[in-house]
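Given these sequences and hints, build the entire structure.
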Amino acid sequence: MKPAPFDYRSPASVDETLPLLGPDSTVLAGGQSLVPLLNLRLARPELVVDVNGISELDYIRSDDGPLRIGAMTRQVTLERSELVRPRWPLLHDAIVFVGHPQIRSRGTVGGSVAHADPAAELPAALVALDARIHLRSAGGARSVAAGDFFRGALYTAREPHELLVELEVPEQPEDARSGFAEHARTHGDFATAGAAVVVAPGGHAAIALFGAGPVPARANAAERALAEGADPREAAALAAEGIDGEHRRALCAELVRRAIEEATE
Amino acid sequence: MRISVDINGRAYEGEVEPRTLLSDFIRHGAGLTGTKVGCEQGVCGACTVQLDGEAVRSCLMLAVQANGRALTTVEGLAADDELHPLQRAFHEAHALQCGFCTPGFLMSIEAFLREHPDAGDDELREALAGNLCRCTGYLGIIEAVERAAREMRGANVQRD
Amino acid sequence: MTAELVGRPVRRREDERILRGRTRYLDDIDPPGAAHAAFVRSPFAHARIARITVPDELAGLIGVITASDLDGHARDLPVQGFEDGRVSEEGHPLLARDEVRYAGQPVAAVLAESRAVAEDAAELLEVDYEPLAPVLDARRSEDTLTHWHRVRGDVEGLFGSAAHVVRASHSLPRLAPVPMEARGAIASYDQAGDMLTVWVSAQDSHRQLAGLAAVLGRPEDSIHVIVPDVGGAFGSKGAPAPETMLVAAAAIISGRTVKWTEDREENFVASYQGRGMEADVELALDDDARILAIRARIHADLGGYLMPTTAIPAHTTAMLMCGVYDIPAADVEVVGRRTNKVPTGPYRGAGRPEAAYFLECTVDVAARRLGIDPLELRRRNLIRELPYETALGWTYDSGDYRRCLDLAEELVEPEERSDEERVVGTGFGMYVERAGGLFETAEAELLPGGGLLVRSGSSPHGQGHDTTFAQIAAERLGVALEDVELRFGDSAEVPRGVGTFASRSVAMGGSAVVQAVDALKEKCARVAARLRGTSPDEVDWRSMSLAEVAGAEPGLRASARFESELVFSSGAYGAVVEIERRTGRLRVLRLAAVDDAGTIVNPLLAEGQVIGGTAQGLGQCLVEEAAYDEEGNPTFASFVGYSLLTAAEMPPVITEFVESPSPLNPLGAKGIGEGGAIGTPAAVANAVADALGGVRVDPPFTEEKLWSALREANS
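Here the protein sequences come in this chain order: A, B and C.
First residue of the first sequence? That's 1 in our numbering, and the numbers climb one at a time after it.
First residue of the second sequence? That's 1 in our numbering, and the numbers climb one at a time after it.
First residue of the third sequence? That's 1 in our numbering, and the numbers climb one at a time after it.
Watch out, some of these pointers could steer you wrong.
To be verified - Sample of chain B residues facing chain A (criterion: CB under 8 Å; computed from the structure):
(1) 14
(2) 17
(3) 19
(4) 41
(5) 55
(6) 56
(7) 60
(8) 61
(9) 64
(10) 65
(11) 68
(12) 108
(13) 112
(14) 129
(15) 130
What the hints contain is simulated information worked out from the structure, not anything from laboratory work.
Small disclaimer: the values here were computed from a predicted structure and weren't measured.
Glycine included, C-beta positions come from ideal geometry on N, C-alpha and C.
Pasting the structure below:
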């Protein structure tokens, strides 16, 4: 399966990149999602813009409070980050479920978010953490709340001329705890369903379900119930309500329950 | 586009199209056919090589992306005549049958063990899940890797 | 010096070059200046072809071949039939003429300077299809392509008067073989010498050669077939593929060397599939739970055409429907029907897993119905004395079924404990499988230094024949293992034989090696006797070396053609499984695999075969299914749609060999290559049913199915 022909550019900075973006070009980051599509000829861009040379987008920092992750940060870098793991453990717990080590060594956080596979772990974690997605274009910059960013399966708020440059994750309360659970047919396979949960005493609860629908979705009713003291099973059942298919509902409820219990144990 | 890639310490040059996959450059451009191609989707792991020591799927990289970079393939795993402990362990434990998946397994797990020398058996199994084998049923591979990990840990302790 | 090598777990000589990356599989061969082939394949399950429009000039395009270009130059693939039944003679065309019968069927071949350009050109080819309604349910198809029916004994009478009649229906969906190396071929035609050379990733050179000769209408001695290293096959590279024939035809037509490396998408969609059978089984039993008679109707989903070996698996299933039991009367019928899917064919087990599954699941249903322990029911019915001729007319040569079952029970450590979180079940499956048969060849040659060169008609693709046959030959001749060299796979180098499939290599290929080496040894003894002035049996091999013999008479050689009736391996598998109540998730906690393949030449390699087969059997149970959607589109065109198990899913497997030597060959060997795939699904299915309190589910045992079944079981 060989790709259809395309032109190729590999800019070294964001500024060099922006003029190249548009409806006929595709950004190549880690390649773990894009290249299979190219090989199957399901993606046929005229121009591939390889952003792997943009070192200015490879960073993880939190100098000013929130966690800021550059889009070109490799998933394995996030996995190993000693800055992230203690303070935003949900990100670590989610990222270890992304494929296999060989995928994470090339895959990028920006790429995963921009690709927006319904079964992807990182988007769900970002939705649960109320993250913001930063975009830049030749015309300026803007940011979108994670909850608004994912619009459909493989479809986001990013316009073709925009480059995803940073993920911004708010500071978490000190006593915030998180949990993550996912189910797949085999280890490392695409998730059939999963749940990312954050709870903090004082009434904060976030439950993001993924895999069951086209986008990761917050289970608002379940969050309210949990914040008001409902037990994990009740909250989980609420979270799964509205999911199509009895077994699917049962599976989702079970995953939410596990994630909540992990966060509250 | 003309590229130059360091593979196992030697420079290989070639003319490629942007769409040429790294796996095809390694195998047909550089003539190093030890690395195999099983799916061109990034699932089977047969094409796994190491880029600056990290295991990557060469079928999911464009050859041009490896320009000026350093790769290690299975041909570079053994130090001259002596086999790497992993290779020896695979042989002892009958961890290969048709052998098509073997280079990918070796390159994947060698990188993993370097990064996680103290990985427990469960962790090892999960690390192995990124490579598919249709012949062995994996139990021989698991045994080989556990054996090699122990040997490599022991060797490290001795060095200290 | 005769080292005892047979029976030893010798490590493989094959390994080093594999570990160092020095192998040469088909795609590793890069003939300079080769043209690359890609195929235009039908996107429709069933359609008429009105017209094909070849693209205009495209840089790098060499040519396009359609069916009309082949008229008069190539026949359709042949069809192998079976005895005593009816098999349609219409074979698979190389390229579709005016009709396509499955999605993925080759419609045109495109040659270009690179595979990428060939794919570019293939996309530009315009084919006018008129889609037709596909037939996807074999039971509803009106096209019967194969039929076999045998009745022995008063089946009707026995069913009529039986104390108990138990009926059960079972279904095994299609599976994709998925060898890690997909298929491929390279062909080169030397016009001056009229010699066609074909490299092909195949299970042997013989069937490829015969197929090329028949399809291209060439004499066999004008064809040279070379099988390089092969990355697994599992049955899927046995029968010649239409693409291989097309590569050869393209080489002749174009005058270029032509190379085709199948990609994974093609391999999923166009490689013939396994299983795809349903059966309605009835057992008549008396009050002591003795099985008096069996009736079975087997429905086979054969696909759009009969490929050369499509007819075989269902016939094998029928053959084995009495299993390990002493059943005096049987009525077994096979109906194979056309569907608009890729053809089925032999895939590891090739009919035997189906027989074991259909029978063993029904036996468990019977046990539950009669209120008797499933193991006890089996024990009351096991064949005790072998050789044994079944009601269907086949003779099992050797076996110890009771011992296999006892061992399986002991090793699996049955468990029943269930709690709020999970239900646990234990199940067993026994099997008998037909192996070997036909003939195999070998030539043994004494080399100048006293070493031994053996050319074998068998052909390895991962099984370790080089080591195994070297053990046999070295022990037989009395030389060191390192002094034995094996040759396989090249039609110019090895004697014409039958090949590698049906678990036949040691029993047939190994026995041919024995006979060839024995014959050579005799010749050596005569030379030695002449040199020493004694008689051949008085030669003192301590003071006489084979090097001396070789020096005195260079080029000593002997050949053998070993023929045999079928041998019958058998075994008993046990499984303990656990189903998570809340999700329906199935975990196989452990598996016990007891196989009787007669004499085991190399227990390390034999165990590798069992575990490999078991993993495929587990794949069938847990995650594998090659399903088509309602329009006949494959849902399994990539690893996204078709899952394989990883190392993380493998349970512990306890293996044990029972060795009942076969009287039918000098090694006493039967066959071990397929047992794991044969015994596992039945054992796991019965364990699942046990966990579900008797509710029966067919594989794959997805969570949805088990979760629903649990609710059914609890209501």
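Now for the hints, and whether the structure bears them out:
no. : hint : in the structure
1   : 14   : violated (16 Å)
2   : 17   : holds (7 Å)
3   : 19   : holds (4 Å)
4   : 41   : holds (5 Å)
5   : 55   : holds (4 Å)
6   : 56   : holds (5 Å)
7   : 60   : holds (4 Å)
8   : 61   : holds (6 Å)
9   : 64   : holds (6 Å)
10  : 65   : holds (6 Å)
11  : 68   : violated (11 Å)
12  : 108  : holds (6 Å)
13  : 112  : holds (6 Å)
14  : 129  : holds (4 Å)
15  : 130  : holds (3 Å)
Violation of the numbered hints given earlier is confined to hints 1 and 11; the remaining hints are satisfied by the structure.
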